[in-house]
Amino acid sequence: MRLFHQWRAMRFILPCVFVLSALFLASCDSGSSTTGGTGPTATNGGKGCAKVGILLPDTTSSPRWETKDHPLLVQVIKAAIPNVHIDYDNAQNNSATQLTQAETDLANGDCILVVAATDSVAASAIVAKARLQNVPVIAYDRLIQSKDLSYYVSFDNVKVGQLQAQYIASHYLAYQRTPASDNTGIGTLKGSGANGTPTPNIMMISGSQTDNNALLFSLGAHNVLDPLFAASKLKNAYETFTPSWDINTAQAEAEAALADQQNNIQVAYVANDGMAGGVIAALKAAGLDGKVLVTGQDATAAGIHAILMGEQNMTVYKPSAQEAQSTGALIKNIYLGLSTISLTNGETVTTYNGGSIPSILDTPIAVDSGNIQTTVIADKYLTKTDVCQGIAAGTDGVC
Amino acid sequence: MSSALEPFMRSRRKTSLTVRISALLIAAVVLPLLITIIGSELILRPTLTSQATAEMQDDARTHAGDIDSLLIARLQDLSALSQFYAIQQFLGGNSLYEQQAKAELALGYHLDPNYSAWTLFDPKGTLLLSYLTNPSARGKYQVAPEILAQLQNSNKTVISDVYFDGNTHMAFIDIYTSIASSKGTVVGIGRSTLLLNSIWTAVNNETNAATGSYAMVIDGHGVRIAYTNTDTTLTTEPAALFKAIAPLAPEFRQQITDENLYGNSQVPVTTMADPALVHPQQAAFQFTPAQEGQTFQAVEIHCNVVPWTYIVLRPVSTITGAANQQDIYLLVIAAIVTALAAAVGLTIGRRTTRPILRSVALLTASSESLKKLSAREQARAKEQKWIVESAQTGLHSVQYYAKAGGIAARKLEEIGQDIARNWERFDDNTRRQRLHEITTAARYIEKASSHEEHSSKGLSTAIQVTNQVAEQLVAGAISASDAATQLEEVIAQLRQVVGE
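Those protein sequences? They're chains R and C, same order as listed.
Taking our numbering, the leading residue of the first sequence gets 1, the next gets one more, and so forth.
Taking our numbering, the leading residue of the second sequence gets 1, the next gets one more, and so forth.
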């Protein structure tokens, strides 16, 4: 009886089961679903924008990104736009990550992007996506190779290389080592200058070849050094670019150069302070620390400390505050819908495909032991505490 | 029951309950699977195609983007290096800078492992300096005339068509830039020669995306400049490589010959027509490529830096393979569950119908006994009718003879009174005649009495038979009652089956 009762009930339930199970299976089959979400929202070219995205490249190529640029940019943007919401991301040296971060910012409604590109070519995708939403992109410190880039704020990077090279040109003679003065135990130096003194060798360790700035630094350096090379006053013994500005790679490159030249290196053109740290480590291992002219860039605490220690000779101070201020001024004008010509003064930088990008190029400053106090310390870019650890009091009038 | 439902009910009666339960269970499990298969055809296949297309678009977009990135970076290299002081001085005629200029060419050469040479030319295209070795001519020229013409303007960059070295099995392009002095005068031409190995590797690796998938790159002239190579040793080239997708214009054919584009001097460029690739209406489309025997889903993405098109192809059969596989699985599952459902339905049906069949048997027996009882009752009723008719006839006879006796008795009385009144007047003949009449009446009365007795006997017999029939009818009623009791039992059993 129960069975028959159940059977009668099944006659009503089964059709429902058919439909439900069919729907379930069909839904399982479809295998995809669309998720809700808002599509790109067109903005007014940044005018009235109250959400700004900051995308910085890494934490390894230079500490400046996190210790300087990040807080400075936040500060100037807050000053430029009242009640602004800021999204901040660091791509950790991964261009794909940076693109994803930019996409997230755009999806969240950020209407102005400030991007220090991890890869100047790959970041063009960020510009393309931002353009779809009429979001202006400001390339910060590193040019993005896109015709559609809105603005570029940086330092005059050719000038940076020139400052580094000019320092070398002005001081390399002091690092010429004669056999008598050579206490490395290596023996007679190779090469001969015009006056019979050995021609100093330089190793040039440039930045990442995927970073257009690195090429510009190198271009600026060569503009100054090439005449010395042509005149055999200085010999370009080793030159290379360093993927990702990697410190360990730079050290390995310096070690290779030293080995190749049997430690006969008098000058180390190093594109930034981070890599200079690696090069100094290689020089220390060869017993050449303090005996080789070493350049750098970014005026990092480690770089200034190395200068005070006599291990590094100079760095290029690009006041992040100045670069950030320029960026803040641009953002303010964009926010207010004002012309930016008064800020760029008609200056442009060209991209590979002929794009002419309105640019603010701030002037870098060469820093050595003689002007640390009047530049980075005076600007409170760094403090004595940052740079004087382990340094004898009174050194260079700084510590 | 309405007459409209009768044919349906009749047909249902022809199908056993067991079969109907099995059929319903089979339907319960098979119908969703069938719906799923239909859904697969209507939803899954288009979805799979759409997903594969999206995946292929991502793939093609990534690779086209990689090509753009690669070329932009290499343009950037050339652009920056060409501004180096030593290079500009050397091209300006200062031979003191030759060594450093060469060192800077070497620096450029090492920026990418796919550079095969960096070269400097004068504005007329005469080779001046090169690193690593002096490059071979491009057909009849060091620098093709149409490229040379473009480089007469400062800040101009040009990317050449594709060349192929049959000895090294490597394709390459030349990237040119005009080099100007600080005064803006073009003092020379810089050229980097870039092997397309990384692009070919990406194209070759397309086979990893899905079974049967491959890729190609078509240049702006419609020539396949990269094509997935199934020869893993890479010692032979794919048949379609450096074949045009449509006949080439005579002028360009001449240019190919003059500049030895695509390795034409070793393997002449021919046409392997693929009309679908010439002007596809959409970025994603289906077609049967030349040399292929099946339909492919194709996605093409145009590069931005060069007029190249990256095309990813995947067999439609591979894309819908999951749906086909699923259909097979579903059919197998359908077959298995059909068998299981049939078995379960059979079991349930049998367990359900067994008490019903038992009840039907009891009902059949009860029906038979009722039929027999009915026949007997019918016979007895006929007998009783006959007896009643006989009794009626007998009664009529008795009434007739009683009436006749009464008439005869009244006749005797009339005759007796007539004789008493007229005794003296009657003569002997009359008296004798009257006496004869009395005798005749008496005889008539006797005869009527005899007949009446006979009829009474018949009535008695009828009453006796009626009693017997009544007894039999009582027995029949008892039998009917028994049959009714049996039917009540059957009903009770059926209720056990179907419930209250």
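For the record, the hints were derived by calculation from the structure and aren't laboratory data.
We put the CB at the ideal spot given by N, CA and C, even for glycine.
Some hints here could point you the wrong way.
Said to hold, decoys possible - Some chain C residues flagged as far from chain R (calculated, every beta-carbon gap over 12 Å):
{"#": "1", "residue": "GLY108"}
{"#": "2", "residue": "LEU111"}
{"#": "3", "residue": "ALA290"}
{"#": "4", "residue": "LYS411"}
{"#": "5", "residue": "GLN417"}
{"#": "6", "residue": "GLU424"}
{"#": "7", "residue": "ASN467"}
Unchecked claim - What follows is a list of derived Cβ distance ranges for each label pair:
{"#": "8", "chain 1": "C", "residue 1": "PRO145", "chain 2": "R", "residue 2": "VAL74", "range": "23 to 33 Å"}
{"#": "9", "chain 1": "C", "residue 1": "SER136", "chain 2": "R", "residue 2": "LEU338", "range": "52 to 62 Å"}
{"#": "10", "chain 1": "R", "residue 1": "ASP148", "chain 2": "C", "residue 2": "HIS279", "range": "19 to 29 Å"}
{"#": "11", "chain 1": "R", "residue 1": "VAL74", "chain 2": "C", "residue 2": "ALA106", "range": "39 to 49 Å"}
{"#": "12", "chain 1": "R", "residue 1": "ILE86", "chain 2": "C", "residue 2": "ASP58", "range": "27 to 37 Å"}
{"#": "13", "chain 1": "C", "residue 1": "ALA106", "chain 2": "R", "residue 2": "ASP148", "range": "33 to 43 Å"}
{"#": "14", "chain 1": "R", "residue 1": "PRO63", "chain 2": "C", "residue 2": "ALA106", "range": "25 to 35 Å"}
{"#": "15", "chain 1": "C", "residue 1": "GLN51", "chain 2": "R", "residue 2": "ILE86", "range": "48 to 58 Å"}
{"#": "16", "chain 1": "C", "residue 1": "ALA249", "chain 2": "R", "residue 2": "THR350", "range": "57 to 67 Å"}
{"#": "17", "chain 1": "C", "residue 1": "THR207", "chain 2": "R", "residue 2": "ASN83", "range": "29 to 39 Å"}
{"#": "18", "chain 1": "C", "residue 1": "GLY184", "chain 2": "R", "residue 2": "SER342", "range": "20 to 30 Å"}
{"#": "19", "chain 1": "C", "residue 1": "ASP58", "chain 2": "R", "residue 2": "ALA174", "range": "24 to 34 Å"}
{"#": "20", "chain 1": "R", "residue 1": "PRO63", "chain 2": "C", "residue 2": "HIS279", "range": "53 to 63 Å"}
{"#": "21", "chain 1": "R", "residue 1": "VAL74", "chain 2": "C", "residue 2": "LEU127", "range": "50 to 60 Å"}
Stated by the list, open to error - Here are the simulated lysine to any residue pairs, SDA-like style, with alpha carbons at most 25 Å apart:
{"#": "22", "chain 1": "C", "residue 1": "LYS156", "chain 2": "R", "residue 2": "GLY370"}
{"#": "23", "chain 1": "C", "residue 1": "LYS140", "chain 2": "C", "residue 2": "PRO268"}
{"#": "24", "chain 1": "R", "residue 1": "LYS233", "chain 2": "C", "residue 2": "LYS140"}
Within 24 to 34 Å: is that where the Cβ-Cβ distance between ASP58 (chain C) and ALA174 (chain R) falls?
violated (57 Å)
Pairwise hint evaluation, GLY370 (chain R) against LYS156 (chain C), where the allowed Cα distance is 25 Å at most
Roughly 44 Å separates the two Cα atoms, so the pair is violated.
Between the beta carbons of PRO63 (chain R) and ALA106 (chain C), is the distance compatible with 25 to 35 Å?
holds (33 Å)
Status of the given 52 to 62 Å range, CB of LEU338 (chain R) versus CB of SER136 (chain C)
holds (57 Å)
Does the beta carbon distance between VAL74 (chain R) and ALA106 (chain C) stay inside 39 to 49 Å, or does it fall outside?
holds (44 Å)
Falls inside 57 to 67 Å, the C-beta gap from ALA249 (chain C) to THR350 (chain R)?
The hint (57 to 67 Å, Cβ to Cβ) is violated, given that ALA249 (chain C) and THR350 (chain R) are roughly 34 Å apart.
Please test the hint of 33 to 43 Å on the beta carbon pair from ALA106 (chain C) and ASP148 (chain R).
holds (35 Å)
Is the distance from the Cβ of ASP148 (chain R) to the Cβ of HIS279 (chain C) consistent with 19 to 29 Å?
holds (28 Å)
For PRO63 (chain R) and HIS279 (chain C), compare the CB-CB distance with the range 53 to 63 Å and indicate the outcome.
The hint (53 to 63 Å, Cβ to Cβ) holds, given that PRO63 (chain R) and HIS279 (chain C) are roughly 54 Å apart.
Say whether it holds or is violated: LYS411 (chain C) keeps its Cβ farther than 12 Å from all Cβ of chain R.
Consistent with the label, LYS411 (chain C) stays out of reach of chain R, its closest Cβ about 85 Å off (over 12 Å).
Confirm or reject the claim that THR207 (chain C) and ASN83 (chain R) have a C-beta distance inside 29 to 39 Å.
Between THR207 (chain C) and ASN83 (chain R), where Cβ atoms are some 55 Å apart, the hint is violated.
Does the structure keep LYS233 (chain R) and LYS140 (chain C) at a Cα separation of 25 Å or less?
violated (42 Å)
Comparing the model with each numbered hint stated earlier shows that hints 1, 2, 8, 15, 16, 17, 19, 22, 24 do not hold.
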